[in-house]
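Asks: Construct the entire structure; sequences and hints are all you get.
Same order as they appear, the protein sequences are chains A and B.
When we follow my numbering, the leftmost residue of the first sequence carries the number 22, and every step to the right adds one.
When we follow my numbering, the leftmost residue of the second sequence carries the number 22, and every step to the right adds one.
Note that these hints are calculated values from the structure, not bench results.
Please note: incorrect hints may appear among the correct ones.
Since the list can't tell identical chains apart, any single copy or any two copies may satisfy a pair.
[What the hints assert, rightly or not] Calculated pairs, EDC-like style, for lysine to aspartate or glutamate (alpha carbon to alpha carbon, straight line, at most 20 Å): (1) K249 / E295; (2) K394 / D36; (3) K266 / E127; (4) K249 / E112; (5) K327 / D152; (6) K249 / D260; (7) K266 / D131; (8) K266 / E88; (9) K327 / E209.
Number of protein chains: 2
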Amino acid sequence: MPVSDAHRIQTSDLDTPPRLLLGPGPSNAHPRVLRALSNRQVGHLDPTFIHLMNEVQSLLKYAWQTENPVTIPVSGTGSAAMEAAVANTVESGDSVLVGCNGYFGERMVDMASRYGASVTRMEAAWGTAFDLETIRTAMESCRPQVLGLVHAETSTGARQPLEGVRDLCDEFDCLLIIDTVTSLGGVELFLDEWGVDAAYSGTQKCLSCPPGLGPLTLGPRVLERLEKRSRPVPNWYLDMSLVGKYWGSERTYHHTAPINMNYGLREALRLIAEEDLEARWERHRTNANLLWDGLADLGLSCHVDKEIRLPSLTTVRVPDGVDSGQVARTLLTEYNIEIAGGLGALAGKVWRVGLMGFNSRPENVMLLLAALKNVLHR
Amino acid sequence: MPVSDAHRIQTSDLDTPPRLLLGPGPSNAHPRVLRALSNRQVGHLDPTFIHLMNEVQSLLKYAWQTENPVTIPVSGTGSAAMEAAVANTVESGDSVLVGCNGYFGERMVDMASRYGASVTRMEAAWGTAFDLETIRTAMESCRPQVLGLVHAETSTGARQPLEGVRDLCDEFDCLLIIDTVTSLGGVELFLDEWGVDAAYSGTQKCLSCPPGLGPLTLGPRVLERLEKRSRPVPNWYLDMSLVGKYWGSERTYHHTAPINMNYGLREALRLIAEEDLEARWERHRTNANLLWDGLADLGLSCHVDKEIRLPSLTTVRVPDGVDSGQVARTLLTEYNIEIAGGLGALAGKVWRVGLMGFNSRPENVMLLLAALKNVLHR
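Replies: Here it is in structure tokens:
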């Protein structure tokens, strides 16, 4: 049979522009992480890879400040880790309460619904957070088995304080899932201290690794519930009762882990351990303050109150009469700087500026402020 | 609150041994692919990345010989693409017939069951294939909406001929899913000619790219059924009605694509287009024949009949009295050559030897044969 050449297109050598990625992610990977990606491969059951898997698990526990036995990178992006958190905690018929104060809360609602949960949406304005009284009232009315909150809302730049939430969850015998996609490696996180049962993240934000893996951690209460399930998790790829055995001491084959992406994640996590977690959080705060002061000097205001504003992601209000998309396009095409517009309720109303991981540096703040000044005042 | 250093382990620079990966995958990535991985990043909605996504889609169509509009890399490994194929074709209550003549047929049974299908297992000995009469008889008895066959069984090294299967599927109004994990880019594939409705693969076999993406293609009959579903696909991450819009002309945000892995896949697919698909298939056949002749000279026999033996993966019978695991371990530790043992019904009975993509070269065959001779005859 003859082979068709219809789709045998001509292509050129890969040659991408030198972008500075100051949007909501991906951020630029650290150069050491990029180099690690192209390291020669070993097999996914090779003793050297198994050693590397152990290192990745330990360093993830350090970054999240947790002792959770299942603390691994899911072989997909942050969204896959989010779905893994939902699929492994929620059973069909469960009552699930989700804090909806941004795009990623809404996504958790969609996911939990697909797993047959009866989902209650606890709503608040985009850019705000929930207080304990509001959470208690919502829990009293729907008596959830699972509470989902977004610690770092990538769509709004708001941080959800978590002190005191565990006590409520204990009162209602409820699991606590949190989204740390835009906080892990950049913003204070004390998972065990806060009594979080499940958390997930992505590699392409404050970890300074390209997208492609989704860190996930599950605590003892989740594992216990997983063991007692009446039916298997209705998702084979993300069933942690299978995946956990591959990453655990049994090393039972489940799927082939993304070898080179794990090389990159290991290097990214090593960089955190070298820098020291507290120093890294402090660096993110310092550079965010530089940005916020500079924005004020330009007459621009931030959408989120300073007390709950994420140092990793800032939403900047678009002044009246300014076309937000046009400004972002000009920054990209004239200066190779990527920032993003708003999502959902904030579309057209804000820009989203990320200072994440390797990119959280004063020179990036200065450059962005200078470029923004040029573009806005031309 | 003080940060705990309990998991802040000491690690050294990444330094992996120079393995020659001649097992069932991963195979060694092509050096150009490894270099592409560490290329500087752009954002996942950057115009340059959108152009790259189009190139990847075209080149995948070439490799699979299909015009299917949805032909994309799933942001997970081959197992995720397999689950995507199942989740997007099967609805709860459907009758699904799966050819079980190896490990990956069994996996499809597990997955389809989790999506609520009534699954019928069509069984045959591991290492054999199904003939049309057997398939017809099974279809008559269970009247399936979906038929799943493994074109290239990674656990046995057997190839499932597909000529004539479409006619049967038309007769029973049935979708045809095939597993091409170990054939795409190395073994003859004519998806459209064979009337395949959905196929999936992995990047770490004959494409010579590291693991981390799962090529998936869905034909018009699948997309039509997807549109008519009464309930959404019960898997958010792999719901192709959402993912397809991200890869399609709308570019609607769904998740952040693994940028650097897509750089690697693009380079891997370019290498196929440069080599020419027929030349590449021929190369795989030629080197497999070299291997098979050399094994015979060593007094070793192959488990699968030559007519349906995969050129990409050979199962070699372990001679009586030989410890298969010990031989594999010696090859790895003394010569840095990875081969694998058998799975399931073939555990302890065969070795699995892959000659995939970049690794399908005569010098690798010679080296393996020489090493195997040393280890077996010492």
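Asks: Treating 20 Å as the Cα threshold, decide for K266 and E127: within, between, both or neither.
Replies: Answer is between: at 19 Å across copies they meet the 20 Å cutoff, but 31 Å inside does not.
Asks: Quick one: K249 to E295, C-alpha cut-off 20 Å, is that within a copy, between copies, both, or neither?
Replies: neither (40 Å within a copy, 53 Å between copies)
Asks: Is the C-alpha distance from K327 to E209 at most 20 Å within one copy, between copies, in both cases, or in neither?
Replies: This pair counts as within: shortest intra-copy Cα distance 15 Å, inter-copy 61 Å.
Asks: Taking 20 Å as the upper bound on the Cα-Cα distance, should K266 and E88 be classified as within, between, both, or neither?
Replies: within (18 Å within a copy, 39 Å between copies)
Asks: Is it within, between, both or neither when you check K249 against E112 at 20 Å Cα-Cα?
Replies: So K249 and E112 pass the 20 Å test inside one copy only (11 Å; across, 26 Å).
Asks: Pop the pair K249 and D260 into one bin, within, between, both or neither, using alpha-carbon distances up to 20 Å.
Replies: within (14 Å within a copy, 28 Å between copies)
Asks: At most 20 Å between alpha carbons: which applies to K394 and D36, within, between, both or neither?
Replies: neither (29 Å within a copy, 46 Å between copies)
Asks: Checking K327 and D152: alpha-carbon separation at most 20 Å within a copy, between copies, both or neither?
Replies: within (16 Å within a copy, 69 Å between copies)
Asks: Quick one: K266 to D131, C-alpha cut-off 20 Å, is that within a copy, between copies, both, or neither?
Replies: Close across copies (17 Å), not inside one copy (28 Å); limit 20 Å.
Consistency note: the structure conflicts with the earlier hints numbered 1 and 2.
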